[in-house]
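What follows is each chain in one-letter form.
2 protein chains.
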Amino acid sequence: MDVRLKRRRASPNRTVEGDLSAGPAAAALDQAEKLKLGELDGHLGYFLRRLQIAVFKDFIRTLAPMDVRPAQYSVLLLIEANPGRSQAAIGQALDIERARLARLLHVLEGRGWIERRAADGDGRSHSLYLTRGGEKALVRIKALAARHEAWLADALGSKRRLLLMDLLKEFG
Amino acid sequence: MDVRLKRRRASPNRTVEGDLSAGPAAAALDQAEKLKLGELDGHLGYFLRRLQIAVFKDFIRTLAPMDVRPAQYSVLLLIEANPGRSQAAIGQALDIERARLARLLHVLEGRGWIERRAADGDGRSHSLYLTRGGEKALVRIKALAARHEAWLADALGSKRRLLLMDLLKEFG
Chain A
774 MDVRLKRRRA SPNRTVEGDL SAGPAAAALD QAEKLKLGEL DGHLGYFLRR
824 LQIAVFKDFI RTLAPMDVRP AQYSVLLLIE ANPGRSQAAI GQALDIERAR
874 LARLLHVLEG RGWIERRAAD GDGRSHSLYL TRGGEKALVR IKALAARHEA
924 WLADALGSKR RLLLMDLLKE FG
Chain B
774 MDVRLKRRRA SPNRTVEGDL SAGPAAAALD QAEKLKLGEL DGHLGYFLRR
824 LQIAVFKDFI RTLAPMDVRP AQYSVLLLIE ANPGRSQAAI GQALDIERAR
874 LARLLHVLEG RGWIERRAAD GDGRSHSLYL TRGGEKALVR IKALAARHEA
924 WLADALGSKR RLLLMDLLKE FG
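From first to last, the protein sequence lines stand for chains A and B.
The first sequence begins at 774 in my numbering and counts up by one.
The second sequence begins at 774 in my numbering and counts up by one.
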């Protein structure tokens, strides 16, 4: 498994090494182009974003055989755990804006993985369910997602991954 | 200061409360619509993304008086800390794709905050500098960014913010 997150010691003159998930060629360029972080070094959002991007890149790469992106995966898991709930509830839980969720659900429906049924008594509202095909696809998707998560545990160290998870969950 | 991140205890049947930065109306809807997280609960990327979104929302809200977004702010700080470096170096350090960076720099140039000078001996390469106006704007921008960071320390707790920062920096 390709572990591309680079562990670095904290230092008073931190520099930034570019794309966390870039390959050897980019790493060589980094060497020539090291930049000072300046006041970015004091912003949690910057470091959150960097790790989040690296993690999403690996997820997308690992899930490529099933062509599933992080938001699609989240929606599939939430529908699985909450069959029959509304589009609005799923969108709100994941903080996905209405139009974007509609497009995303359209794609999942087109692949035969989910179905939308009109909710009783409200023509505008739809309840979401996995199809039999969706359940079968999800078995393969979860196996790839587990591989991604194992990569992450390897890249961060299992203990650090859990510590980070605990800290983030307190506010999740 | 409006602290909207909700601290929650870990529990075996975790639910998800929707947009971390949503207001009271959304919170009321959440109450009616609580969803189970299902296997999302085991994915670090999900929790990273949630906090990152909440942090970026507050940043955008707090920086609204200067109409500055996170990526613009990062670029301004990197140019400040590394005057004269190339567009390619800045883009790579921040993992911003070439076309998007070009648009972003165009906006900053239009506001009179940065200038691009052709680098010696290479007509295709540009060196980036803050203008005098950019330096002045950055004083006000940093004051707002400090307010955002204070909100975050308040929302997460100072110690937890630092712990999270340390963990993230090890891989940054």
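Among the clues, some could well be false.
Note: identical chains are not told apart, hence a pair may lie in one copy or across any two.
[Stated by the list, open to error] In silico PhoX-like cross-links for lysine-lysine, where the CA-CA straight-line distance does not exceed 20 Å:
| hint | residue 1 | residue 2 |
| --- | --- | --- |
| 1 | K807 | K830 |
| 2 | K807 | K932 |
| 3 | K909 | K932 |
| 4 | K830 | K909 |
| 5 | K932 | K942 |
| 6 | K807 | K909 |
| 7 | K830 | K915 |
| 8 | K915 | K807 |
| 9 | K942 | K807 |
| 10 | K830 | K809 |
| 11 | K932 | K809 |
| 12 | K909 | K942 |
| 13 | K932 | K915 |
No lab work stands behind these hints: they were computed from the structure.
Taking each numbered hint in turn, which are not upheld by the structure, reported in ascending numerical order?
Hints 1, 2, 3, 4, 6, 8, 10, 11, 12 and 13 contradicted; others consistent.
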